[in-house]
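Asker: The lines below spell out each chain.
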Amino acid sequence: MHPILTLVVQRLALGILLLIAASALIFGLTEILPGDAAQAILGQAATEENLANLRAEMGLDRPALTRYFEWLGGILTGDMGNALTNKLPIADQIGKRMSYTLFLSFWAALISVPLAILLGLIAVRYQNRWPDKLISGVTLASISLPEFMIAYILVFFFAVKLFWAPSFANISPGMPLLEQLHAISLPVAVLTLVVLAHMMRMTRAAILNVMQSAYIETAELKGLTTFTVIYRHAFPNAIAPIVTVVMLNLAYLVVGVVVVEVVFAYPGMGQYLVDAVVKRDVPVVLACGVIFAAVYIVLNIIADLVSILANPRLRHPK
Amino acid sequence: MLKNLPLSAAIGLSFTAIYFLAAIFAPVIAPYGMADVVGDVWEPSSAEHLLGTDQIGRDLLTRMIYGGRTTIWIATLATILSFTTGSVLGFLAAVTGGWFDQVMSRFVDLMMAIPSLILALVILSSIEATVITLIILMGLLDATRVYRLARAVAVDISVMDYVEAAKLRGEKLGWIIFREILPNALSPLVAEMGLRFIFMVLFISTLSFLGIGVQPPLADWGGIVKENKEGINFGIGAALYPAIAIATLAISVNLVADWILNRTTSLKGGRG
Amino acid sequence: MSEQPLLKVRGLKIGATVYPPGEKPHNIKIVHGVDFDLQPGKVLGLIGESGAGKSTIGLASMAYGRGGVELTGGEVWVNGRDILQASLGDIRKLRGGEVTYVSQSAAASFNPAKQIMEQVTEAAIRQGKFAKKEAELRAVELFRKLGLPDPENIGKRYPHQVSGGQLQRCMTALALCPQPDLVVFDEPTTALDVTTQIDVLAAIKEAIRDTGVAALYITHDLAVVAQVSDHIMVLRHGNMVEYGDTDQIINAPKEEYTQALVSVRSITHEEKAPTDSPLLRAENITARYKGTNFDVLHDVSMDLSPGQTLAVVGESGSGKSTMARVITGLLPPRDGKLTFDGRTLTPDQPSRSIEDLRELQMIYQMADVAMNPRQTVGTIIGRPLEFYFGLKGAEKRQRTIALLDEIELGEEFIDRYPAELSGGQKQRVCIARALAAKPKLIICDEVTSALDPLVADGILKLLLRLQAAEDVAYIFITHDLATVKAIADSIAVMYQGRVVRYGPKSEVLSPPFDDYTDLLLSSVPEMRLGWLEHVLATRKMESAGN
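Residue numbers (the working numbering), protein chains in the order written: chain A, 1 to 318; chain B, 1 to 272; chain C, 1 to 546.
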């Protein structure tokens, strides 16, 4: 087998192991900590007897390991059980909300990724001069604020003062695309700002790292134009670190979306998760939590795979 | 030590000091009581109420000062917890190696594979959010990051020739950790401490804003945003003051951390 | 000066902006006004220690400043025009067309993501000198001329798929491919092993002669530059010290500094005969690193008499540094036995007695990472005094000062940090630290190879003087045969994990030689004209004779 294939297979196997371990950790955390679903339903005033009865009825008295595998099997087959609060199937809710969350993340990624790479390139091109300093200043400011603060600042100016965009992201399946986009314009802007800062900083660092290599000097000493140097010599080596940066930041987006959905009352997964936490609806929290974690882990695995595949030493072994 | 203090570090230090002093002496500085209703709903700023009043007529400046106290204390204690646990375990793993290192490192890998916010949400769905549980929760979640940094720094240092020279001399583990490794690991760790503190401020604010952090009647910056967010739609900026407070605090701490890192690397570097 | 010089440099001043962390950026001067001419087809050697500004001057002939380096004044005329005043477009035509560059590290200078051929022909094609087909034919021709294996196909490989010496030749091909008027060679053989260096050097020399190109040959090694250049310019601290033809510089240097450079390693040392009871005896040592499945040392045996010097020589990968790790106990051997001062040494360091540890000290190649940057010189030297002898307070200080005296540094160094010392001073402090333990044996692992020749010379003299005074034995691990000749009593030549030749210095260094020792000895550049040709001719004769 080609050595690179071995590495890829190894990394994938490790990724699957990590996914299982992460699901076990999330499940285990709710197990170890005091309180369970029966307690949540009956409240603090419940008698031991009532609790025991309900636990038996819900199957909570069986060993944790059995329930874990049942739960994991359920998640994998799309049966996530019912919510404690409204008894509705969790899978239905998640199915609907997942598409909204993906819609929001998709547009945020579509805008932020090219913008971040472009700005990163500009920062490198004008290194230590004002465009670079301006970019790093704005970056510093935006990573010094939590997502929801950026959201309210934008709402205050663009929704309330200027009436450019709605302050709540009301969205429904029948709406035309343009209206939908208008509705989510502010949440998209917030998410973009949040990931942009990190992505730009990391892109800048990745490109600078490549630009300081000796082979770039060799290219410059061949009398090539700046454009040719970047396009022919820097780019092929910078692509892997940049893709890694993008993937890591898309993973970061997964977390940012939770808070932003709450601010804009957007009917996605994040809103659902936070609501469930407030209402102590553990089955919903588990399902949402494991899905968010899985997306995050998968994006990280993709980042790893890209850097393995792009490495010329691995692609062309001795 | 304070000679040659660059302007940015001076600004950072003084703002950080002001925030911490305000946190310590909140009851002395605050013009009103934390929960006292002293005016109308969302009054604009005036001589009596410098920042106006909040959604039920409490003095906003008072709320901000007390809120800062809560936020800063929680963040500080969580940072201390995360640093002591993370760096002690990280150093130990680096120096001893073996199964302890393996088990710890794999566990930390797993913890870091899941976003902290998601883990925090899962945990907070099962336990009561009190100041103590929040500090422990945030401190331990963040300790994984510190562990990884401390371990990496210590591993880098422990392969240096001067550590090998000490081992060859026959020095004990104590001398190697405290006299050879620690003095050289301190500067990156202290700088990182600043960044972790900022992260804690953002984290606790986010949790409070989501309604699962600091619980009323206690005020904190995230909670103030939550309480006053409806005002935004009427063009009332009460919810934006915490944004300014968090941003200035974070930037100041960042400037100080940068300065510490630079100052100490210049000591270590010098001519090649 | 019959014809117009190809390169004419007048009053060249070079400065740089440095950004020390935690301080304000400021300007420093690297070159303070240098003049020289280079005629077409001639080779000028630029020689000097680190910080002499030689690489900076070389790159100035391409109007290039590395990092924050700026060409602040003077004129650089190439082919009759001042390139410091030229437009960016003209400079681009110059670079890679008229003037090309060969760097010290070809491994870093080739783009890892592209095939060698594409990189070698790129400048020639982009500058419009040759069409793609022509350029590739030319490259193959150069590969052949430079003695690369499989010249037709080597261009299809990626940089990491060929060896260091081969890549350095590819870099030379890259520089020659566009048919330039001038090539700047920047320490092209410094990173190579000595037996590889001679081949690359010969290939470069032949290529220069065949193509008739002019060259600036930059190096710190006078013996190397003497083989390839017509003229030599000696630089120090950004100033010219002496300029002359190669014969004059090597055989009749005028300036004191040049004389010192020429006579470096003229240390003589009376060889001592081995005694009956060795201080250290290594018997049949076989060792491998953890997690690998091959031995790096095979059945290695050597003896060292008290108060004498055993030189362990070999190239990279010979196992000489591994041997040091075995003796210090950092790498317990799989097989074999170590006897020290009549008693058996336990294989792993932690189980050795304090007395064993004290009597066996070590000095490292890189002095700046061998000292804790957070400890003062006083702490560094004082710690072994306290640790082994329990000295404290005034007594410890007094002994520390005495040690500083011995290494020719004064009392004022006691409170300094390593960062405040020069390279040579750092190595001296490391010597004092080893000496503080009153050892019977010091292992010196390449202790002079990171230093400039004159500084290295000072360290060697110091070590010899200390040996006479303290009766300490040395194991001297090095790749540098000149060092070996200067200080050894006995020599072990190592090759691929085995001792291929061992004995008293005079025996090891006199014929008949085994093949490897012969190759190694004959490959060390000697400071005389025509040495390279002589060696190559001898080798050719020998191989013809076989």
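FYI, nobody ran anything at the bench for these hints, they're computed from the structure.
Hints should not be assumed to be uniformly reliable.
[Said to hold, decoys possible] Restraint ranges, calculated between C-beta atoms of paired labels, are given here:
| # | chain 1 | residue 1 | chain 2 | residue 2 | range |
| --- | --- | --- | --- | --- | --- |
| 1 | A | 311 | C | 41 | 55 to 65 Å |
| 2 | B | 103 | A | 168 | 46 to 56 Å |
| 3 | B | 179 | C | 294 | 45 to 55 Å |
| 4 | C | 27 | B | 25 | 23 to 33 Å |
| 5 | A | 53 | B | 25 | 38 to 48 Å |
| 6 | B | 183 | C | 152 | 16 to 26 Å |
| 7 | A | 56 | B | 44 | 22 to 32 Å |
| 8 | B | 14 | A | 111 | 36 to 46 Å |
| 9 | A | 137 | C | 330 | 27 to 37 Å |
| 10 | C | 247 | B | 183 | 17 to 27 Å |
| 11 | C | 389 | B | 97 | 46 to 56 Å |
| 12 | A | 53 | B | 45 | 37 to 47 Å |
[Stated by the list, open to error] Pairs of lysine-lysine, BS3-like flavour, derived with a Cα cap of 27 Å:
| # | chain 1 | residue 1 | chain 2 | residue 2 |
| --- | --- | --- | --- | --- |
| 13 | B | 172 | C | 392 |
| 14 | A | 161 | B | 172 |
| 15 | A | 318 | C | 392 |
| 16 | B | 172 | A | 279 |
Where a beta carbon is used, it is the ideal one built from N, C-alpha and C, also for glycine.
Asker: The structure should be examined with respect to each hint, and the outcome stated for every one.
Answerer: Verification of the hints:
As the Cβ distance of residue 311/A to residue 41/C is approximately 43 Å, the hint placing it in 55 to 65 Å is violated. Between residue 103/B and residue 168/A the beta carbons are some 48 Å apart, a value that agrees with the proposed interval 46 to 56 Å. In this structure the hint that residue 179/B and residue 294/C lie 45 to 55 Å apart at CB is violated, the actual value being about 38 Å. Checking the proposed 23 to 33 Å range against residue 27/C and residue 25/B shows it is violated: the Cβ atoms sit about 48 Å from each other.
Evaluation of the 38 to 48 Å hint for residue 53/A and residue 25/B yields a failure: the beta carbon distance comes to about 54 Å. Between residue 183/B and residue 152/C the CB atoms are about 58 Å apart, so this pair departs from the stated range of 16 to 26 Å. Judged by the Cβ atoms, the range 22 to 32 Å given for residue 56/A and residue 44/B is violated: they are separated by roughly 60 Å. For the pair residue 14/B and residue 111/A, the beta carbons lie near 38 Å from each other, so the given range of 36 to 46 Å is met.
Between residue 137/A and residue 330/C the C-beta distance comes to about 49 Å, which lies outside the given range of 27 to 37 Å. A C-beta distance of roughly 55 Å is found between residue 247/C and residue 183/B, which places it outside the suggested range of 17 to 27 Å. Between residue 389/C and residue 97/B, the C-beta spacing of about 32 Å breaks the proposed range 46 to 56 Å. Distance hint for residue 53/A and residue 45/B: a CB-CB separation of about 58 Å, inconsistent with the stated range 37 to 47 Å.
Of the pairs offered as hints, the one joining residue 172/B and residue 392/C holds, with about 19 Å between alpha carbons and a cut-off of 27 Å not exceeded. This hinted pair does not check out: residue 161/A and residue 172/B have alpha carbons roughly 67 Å apart, beyond 27 Å. With a C-alpha separation of about 58 Å, the suggested pairing of residue 318/A with residue 392/C is violated against the 27 Å cut-off. For the hint linking residue 172/B to residue 279/A, the alpha-carbon distance of about 54 Å lies beyond 27 Å, and the restraint is violated.
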